[in-house]
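**Student:** Chain by chain, the residues:
Protein chains: 2
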Amino acid sequence: MVEVKQAQAHEPEAATTTLLPPAAHPGDACSLVDTPALLLDLDAFEDNLRTMQVLAERHGVALRPHAKAHRCPEVALRQVALGAVGICCQKVSEALPFVAAGLRDIHISNEVVGAAKLRLLAELARRARLTVCVDDAQAAQALSEAMLEHKASIGVLIEIDVGQKRCGVQTPEATVELASMLQSLPGLSFLGVQAYHGGLQHKRSLDQRQKACDKAARLVRRHLDALKLAGIPCSIVTGGGTGTAVFDVASGVYTEIQAGSYAFMDTDYGSIDWGEALAFRHSLFLLGTVMSTPTADRAVLDFGLKSTSTESGAPELLGHDGLRCVAVHDEHCILHAASPSDRPALGQKLRLVPSHCDPTFNLHDSLVAIRGDKVEGVWPISARGLSR
Amino acid sequence: MVEVKQAQAHEPEAATTTLLPPAAHPGDACSLVDTPALLLDLDAFEDNLRTMQVLAERHGVALRPHAKAHRCPEVALRQVALGAVGICCQKVSEALPFVAAGLRDIHISNEVVGAAKLRLLAELARRARLTVCVDDAQAAQALSEAMLEHKASIGVLIEIDVGQKRCGVQTPEATVELASMLQSLPGLSFLGVQAYHGGLQHKRSLDQRQKACDKAARLVRRHLDALKLAGIPCSIVTGGGTGTAVFDVASGVYTEIQAGSYAFMDTDYGSIDWGEALAFRHSLFLLGTVMSTPTADRAVLDFGLKSTSTESGAPELLGHDGLRCVAVHDEHCILHAASPSDRPALGQKLRLVPSHCDPTFNLHDSLVAIRGDKVEGVWPISARGLSR
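Which chain is which? The protein sequence lines are A and B, in order.
Mapping of the first sequence onto full-length UniProt numbering: residues 1 to 388, in sequence order.
Mapping of the second sequence onto full-length UniProt numbering: residues 1 to 388, in sequence order.
Source of the hints: derived by calculation from the structure; they are not laboratory data.
A couple of the hints might just be wrong.
Each pair may be met inside one copy or between any two copies, as identical chains are not told apart.
Dumping the calculated DSBU-like pairs for lysine-lysine here, alpha-carbon to alpha-carbon at most 35 Å [unchecked claim]: (1) K215 to K374; (2) K211 to K228; (3) K349 to K203; (4) K228 to K374; (5) K215 to K151; (6) K349 to K165; (7) K165 to K211.
Please take these sequences and the hints and turn them into a complete structure.
**Tutor:** This is the structure in structure tokens:
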């Protein structure tokens, strides 16, 4: 029996859960946004979208931005409006709000295993043009059976392991064998291959990235040559990302690139060498309030690990030379001020650039879209938490 | 104008967002739980609750478990049912679902700064017995004004920095000065102090923790002595945590302890030396499915950083000697098998122990409560994402 102390003279609990207002309203000054909040600077964001779209179009390569980066349909709609052919999702359930928002061309850039997920995938395939990755004969068989059972059909790409050491077939021979099987399985259309190497994206020097990309492209070409020799048509070669996009589009191998972070530019991507190649701007910010100034050299912000991911480092303050984030606790960021005059005041709001956008988006339910000093919209991050 | 390719012959999108079933249903066998999922082993969980409750009661110290660890009202109701005096929340908005669930004695173990949050705090203070921390005169003034404006009253504790170097007043003199001010501010009742030191909780050896606790307790006593000398009554001394609980309850300083992780026992707490003092069991598990077995020594699970936090390390497989998690990507865990026979099969489900429970809970919308091999309930993690 649950015994809960009932304090006297308190109001009834009705509507307790509706007490929380939105973090911001369109038209608000940015200074009114409640914290912690995730801000999107629309001017920088739109510049980034155009920069990548122009790069892809110049090389005749399709841009299929990765929605795993943001999980936000309003972002995807703007990417498609500018010319993206569709989007990628990494998980089946993640695709749901994008289909609901009207996106109709989605590549699930991942293997899907398990009866519940295959059922959901088939349901989605009846509602949108869907493609999915496979790297295993048994999984391909299960995928085909699910499509048959639910009267759906789906495009299939074979994932090739080009050095990431994650999923994917290992040899051109295995690719040909699996492609032959896929051609014969009902409910499936073999369309091409996926070759993605996340590790390459973050190599610091442009030269290192170029060399690593060339190596991956040579590997992809061996698989493509083997398919050609076997007489198996392959119309899609999808892969690539923000850090390697400039090489991927010029490689002659990829028909589409899957970049995601380019729209936001976290500190991790911000710290790699971009040369003259591309110029992306930071568009994504964490907004925090100084909630304590206990010493002359310390200020504490009101967000932590539950609002920002840290596996690529602490979020960074830009334009505050004497102030830096020295620790991130569950609900606090600890800032160190080089001198007392660098310490922000109690109640002051500060913007920080997250170190890794994908898992940071996944911690927030909404994205506060701002232009200049005004809130333009509050966009639901509808696929937040949809990881099945 | 957003242009979205409309594929032909697709079903209308109605109900797309309702396609996703719950990850599990009460009565299901555990093998049917869809992944990724967060599992709570109720037998181990209930043992842990009893162990800590017994420890606290044996020393006449109140147990006020920290709800920031789990953000799940069903967990808090069970803690209170066993004798906890109430709960702690770290954020104002986090407290909302707990008040809605019937919890009526909540300590906000943190400073609250900003008009929107103070308004919410006052609204909650009209519905439950609330206490909150302050460490600043200006913040105390704003808190009092908010209580007056919204016709509410609240208990106030001064947070003391006992070495964590986060928030909190720095000297006994500052504590006395602030307490005197709090006594005179309308809408506020000065009730005591909070002294929490997160860093101590995780020191590996029992002896190190004992010494660090003693040092913190001596510091607290200096503040308490100064208050006594000034004739200011102090009825609550709250603090302590899972790692130091055994010393905190015996210190003679604390009137209540704020432990949270004891209920779940992540790998970080699991790896510290517990001596003969207390025995907690792992009750919290991440359930993943093997979605790819690309090589003889590699298997890939279908969850990553979006389902488990890693700032305290990768999640761990217990009871699988030849298999370990070697990398955590955004949506994948990479497992390395010592020999081919150690590699799990495609589709197999595996349980891993998370390294840090608090931010891991915050990545999930529900907690699948299991007993033995059956699902007993699916509990909403209602305060997930409520970080304002």
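**Student:** When Cα atoms must be at most 35 Å apart, do K165 and K211 count as within-copy, between-copy, both, or neither?
**Tutor:** Within one copy only: 18 Å inside a chain, 46 Å across chains, cut-off 35 Å.
**Student:** For K349 and K165, with the copy left unspecified, which applies at a CA distance of at most 35 Å: within, between, both, or neither?
**Tutor:** Classified as between; 21 Å across copies, 42 Å inside a copy.
**Student:** How do K215 and K151 come out at 35 Å by Cα distance, when the copy is not named: within, between, both, or neither?
**Tutor:** neither (41 Å within a copy, 69 Å between copies)
**Student:** Quick one: K228 to K374, C-alpha cut-off 35 Å, is that within a copy, between copies, both, or neither?
**Tutor:** neither (55 Å within a copy, 51 Å between copies)
**Student:** Within a copy, between copies, both or neither: which one fits K211 and K228 at a CA-CA cutoff of 35 Å?
**Tutor:** within (26 Å within a copy, 71 Å between copies)
**Student:** Within, between, both or neither: how does the pair K215, K374 come out at a Cα-Cα threshold of 35 Å?
**Tutor:** neither (46 Å within a copy, 49 Å between copies)
**Student:** Give the relationship of K349 and K203 under a CA distance limit of 35 Å: within one copy only, between copies only, both, or neither.
**Tutor:** both (33 Å within a copy, 34 Å between copies)
Violated hints, in rising order: 1, 4, 5; the structure is consistent with all others.
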